[in-house]
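Student: The primary structure of each chain is shown beneath.
There are 2 protein chains.
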Amino acid sequence: MPFEITNELIEQVTSLIQQRDDKAILAFLGEEHYADIAELLDELSLDEATYIIKLLDSELTSDVLMEIDEDVREKILKNLSAKEIAEELEELDTDDAADMIAELPEERQEKVISEIEDEEHVKDIVELLTYDEDSAGGLMAKELVKVNENWDVLRCVREMRAQAENVTRVHSIYVVDDNDTLKGRLSLKDLLVTSTKAPISEVYIPKVDSVNVHEKAEDVALIMQKYDLEAIPVVDNDHKLMGRITIDDIVDVIKEEAEKDYQLAAGITEDVEADDTVWEHTRARLPWLFLGLIGGVGAATIMSGFEEMIEKHVILFFFTPLIAAMAGNVGVQSSAIIVQGLANNDLKGSIGNRLLKEFSLSIVNGLILSILLFVFTWFLYGNILTSSAISISLLAVIIMAGIIGTFIPLFLDKRGIDPAIATGPFITTSNDIFGILIYFWIAKSVLGI
Amino acid sequence: MPFEITNELIEQVTSLIQQRDDKAILAFLGEEHYADIAELLDELSLDEATYIIKLLDSELTSDVLMEIDEDVREKILKNLSAKEIAEELEELDTDDAADMIAELPEERQEKVISEIEDEEHVKDIVELLTYDEDSAGGLMAKELVKVNENWDVLRCVREMRAQAENVTRVHSIYVVDDNDTLKGRLSLKDLLVTSTKAPISEVYIPKVDSVNVHEKAEDVALIMQKYDLEAIPVVDNDHKLMGRITIDDIVDVIKEEAEKDYQLAAGITEDVEADDTVWEHTRARLPWLFLGLIGGVGAATIMSGFEEMIEKHVILFFFTPLIAAMAGNVGVQSSAIIVQGLANNDLKGSIGNRLLKEFSLSIVNGLILSILLFVFTWFLYGNILTSSAISISLLAVIIMAGIIGTFIPLFLDKRGIDPAIATGPFITTSNDIFGILIYFWIAKSVLGI
Chain R
497 MPFEITNELI
507 EQVTSLIQQR
517 DDKAILAFLG
527 EEHYADIAEL
537 LDELSLDEAT
547 YIIKLLDSEL
557 TSDVLMEIDE
567 DVREKILKNL
577 SAKEIAEELE
587 ELDTDDAADM
597 IAELPEERQE
607 KVISEIEDEE
617 HVKDIVELLT
627 YDEDSAGGLM
637 AKELVKVNEN
647 WDVLRCVREM
657 RAQAENVTRV
667 HSIYVVDDND
677 TLKGRLSLKD
687 LLVTSTKAPI
697 SEVYIPKVDS
707 VNVHEKAEDV
717 ALIMQKYDLE
727 AIPVVDNDHK
737 LMGRITIDDI
747 VDVIKEEAEK
757 DYQLAAGITE
767 DVEADDTVWE
777 HTRARLPWLF
787 LGLIGGVGAA
797 TIMSGFEEMI
807 EKHVILFFFT
817 PLIAAMAGNV
827 GVQSSAIIVQ
837 GLANNDLKGS
847 IGNRLLKEFS
857 LSIVNGLILS
867 ILLFVFTWFL
877 YGNILTSSAI
887 SISLLAVIIM
897 AGIIGTFIPL
907 FLDKRGIDPA
917 IATGPFITTS
927 NDIFGILIYF
937 WIAKSVLGI
Chain A
497 MPFEITNELI
507 EQVTSLIQQR
517 DDKAILAFLG
527 EEHYADIAEL
537 LDELSLDEAT
547 YIIKLLDSEL
557 TSDVLMEIDE
567 DVREKILKNL
577 SAKEIAEELE
587 ELDTDDAADM
597 IAELPEERQE
607 KVISEIEDEE
617 HVKDIVELLT
627 YDEDSAGGLM
637 AKELVKVNEN
647 WDVLRCVREM
657 RAQAENVTRV
667 HSIYVVDDND
677 TLKGRLSLKD
687 LLVTSTKAPI
697 SEVYIPKVDS
707 VNVHEKAEDV
717 ALIMQKYDLE
727 AIPVVDNDHK
737 LMGRITIDDI
747 VDVIKEEAEK
757 DYQLAAGITE
767 DVEADDTVWE
777 HTRARLPWLF
787 LGLIGGVGAA
797 TIMSGFEEMI
807 EKHVILFFFT
817 PLIAAMAGNV
827 GVQSSAIIVQ
837 GLANNDLKGS
847 IGNRLLKEFS
857 LSIVNGLILS
867 ILLFVFTWFL
877 YGNILTSSAI
887 SISLLAVIIM
897 AGIIGTFIPL
907 FLDKRGIDPA
917 IATGPFITTS
927 NDIFGILIYF
937 WIAKSVLGI
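Chains R and A, in that order, give the protein sequences. Per my numbering, residue 497 is the first one in the first sequence, and the count goes up by one each step. Per my numbering, residue 497 is the first one in the second sequence, and the count goes up by one each step.
Because the hints were derived from the structure by calculation, they are not lab data. Just so you know, even glycine gets a beta-carbon here, dropped at the ideal spot from N, CA and C. It is possible that part of the hints are untrue.
So the derived label-pair ranges between C-beta atoms look like this [unchecked claim]:
| id | chain 1 | residue 1 | chain 2 | residue 2 | range |
| --- | --- | --- | --- | --- | --- |
| 1 | R | Arg-604 | A | Glu-527 | 50 to 58 Å |
| 2 | A | Asp-748 | R | Leu-851 | 29 to 37 Å |
| 3 | R | Val-810 | A | Gly-944 | 18 to 26 Å |
Taking lysine-lysine pairs in the DSBU-like style, the calculated list, with each CA pair at most 35 Å apart, reads [as the list claims (entries may be wrong)]:
| id | chain 1 | residue 1 | chain 2 | residue 2 |
| --- | --- | --- | --- | --- |
| 4 | A | Lys-853 | R | Lys-751 |
| 5 | A | Lys-853 | R | Lys-642 |
| 6 | A | Lys-751 | R | Lys-679 |
With the hints as constraints, model all of the structure from the sequences given.
Tutor: Structure (structure tokens):
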């Protein structure tokens, strides 16, 4: 990769902008890849970035705009006129154009749309805007290559060439009947290898996977991964061909989904990146920390109810953090396994079986760790009763934490709530409190206080 | 998707196998997608699955074998002869064939390779086996379509047709010189649209992204995502064309990477799935829990050093779980942001700047939470000195946890260690201990004991 963003490069571009040396900027950036230019613009000031967007050709800058950081794009679009935005949109595929328009404030959307000259393009974009962004309709583009089953191969190649002009990557050629119903597919390779004048109806492959326009984006991703597809046609309820989803959009869905789950597990509620502002980070991180604070105050309140016992057996108190931490760790482990299993759609068997398995697993882990803790505390304090109280509690807490960690994501999923929110501070905090409660309650029984 | 694994379907297949009704099984499964058959086999017993693999055509079963669960594949391959495995390998692309061979015990590998009849295929597979599995060489397939820059378009199409037979998806046609050095590319679309007899050297696009054969798999994934590529050619140090990586392999890399990071953050050390055995889960979960146990014992030891203070101010003890939990939560949040930034290669600026930012962020979050805690505890216990001790400690602990959480993954990354291991129990446990130590130390100073 020859293009690398260095401080020299940024200074060079900045000084060219200050000198208003448009010719040199065009010569310097006009041939670069849009992804590289986007990376460069992320480093420039808003005015400089806007200057370059206005200067370069829309064919290039439309892709640059789709690639840069959402916050930066929003600001740049504010600096462009409706007409200028419309020019960028003309160059984009319908799916990207619809995504970009959807980010504009509502009153601007109509103005921008009215400035787009290509009526077909406008119609497609307006249609795409009606779909939920997390559905197949929200992901698909209207650009595709389709041929009629009644054509012969010659006509097909001719019509295809015209259509292919607007399609970045062809992948498959879809075969439809006179009502636009999806009948099958042809690959470019087949077309190159077959050199016949036979009608398409005799050549095409009638087996073609498709997804409904209202299918959830995550499910489309699972289907495309399972069947190793690089593109999939989208149909409506009457099996009419509506659009096409390509694998690059699915890669984005997979990445976003994974990042969201990861952040939720880490207790971050909003989609933030390392380079967002302190304020954005505060907003994303504070809610779970606040929950943790409430949990901690809850734990303190529980503990103050056992003050008398603690004064007699202060050792018990020393192990509260251990019990709380183990409850949290076990809970996060179990819930992470369930969340991943749900996301990959490979969780088999009933909830009952799953809880039973987690129960056996907790007993194995719990026994090993409790015995270790028993031996250690006995050696350290020489009081068999205290050691028993602490170890039995640990076993009970591990079992409880495993079951809660398994149950909560399954329960949320059944209720249609994203199970990923169950991992992280939610499980940690609730298990902390339950863990401490169980701990003191068992200790009280064992020590007979 | 018409094919769904139901209990009836499994029973039907099982009973056909018992009746040894091969014809019915072939009619029933012979036309299904390999991914569906793989899903079915995961539900059958090992003997039943092996029976079906032996019965169906290798062209289908080779893909089925690549798709099923690794553990099941290992067992089925044990039941097949070297000759039978060789037949499966003949049908696979070189990258999949090499992956499958690599899973066999070493003494079997040679035997199987010697049974493959296609010598070209053997040579390619043996070459691929020499590359690290996490490198571009380990991901690439030898199957690709390449043409010589000195040919004309006509000859190109003819040669291409022959080559394309062996290539599942063509994507790009690579242009090489007489030394096999990568010069550029042509797309199938270009070839369909251009109908000239011009030499290839005048038609091809000289700009082509490529990766070195020793490039890390993760970096290949980043490049292909950044430039929205569906296939990328792999070259050696002399820029000689060695193979090709397609986007479906990259999707697997991205998913595996994300799942691994997620599991590490949740304290799971080995790649386990919900349906693995209790024993496999124990092995994956116990190490971090053991670390947590050690941490808890460490915390207990620290606390016993402050026994005297605790007896005077038992309230302090009630808030130990809160302090420990907050330290853990803040640490996990900060490290998750860094781990993600590193994975996406979008972390800019120096370590110093990053720590400074986390410092400001921790002060904001810390002040808000500490003031809340101060008000609450003051209201509850009416002792301004105790409330101050607890709140000041919380602020200090949050700042420390944020800095440790930011520093550790950056440090690990610099040392060439996967920063993802820093999240989860590692951060939680070390922050627990540090947090408690700081807490009691500050409390001691504030209360003047």
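Student: Now tell me, hint by hint, if it's right for this structure.
Tutor: So, going through the hints one by one against the coordinates:
no., hint, verdict
1, Arg-604/R with Glu-527/A: 50 to 58 Å, "holds, 52 Å"
2, Asp-748/A with Leu-851/R: 29 to 37 Å, "holds, 31 Å"
3, Val-810/R with Gly-944/A: 18 to 26 Å, "holds, 22 Å"
4, Lys-853/A with Lys-751/R, "holds, 26 Å"
5, Lys-853/A with Lys-642/R, "violated, 53 Å"
6, Lys-751/A with Lys-679/R, "holds, 32 Å"
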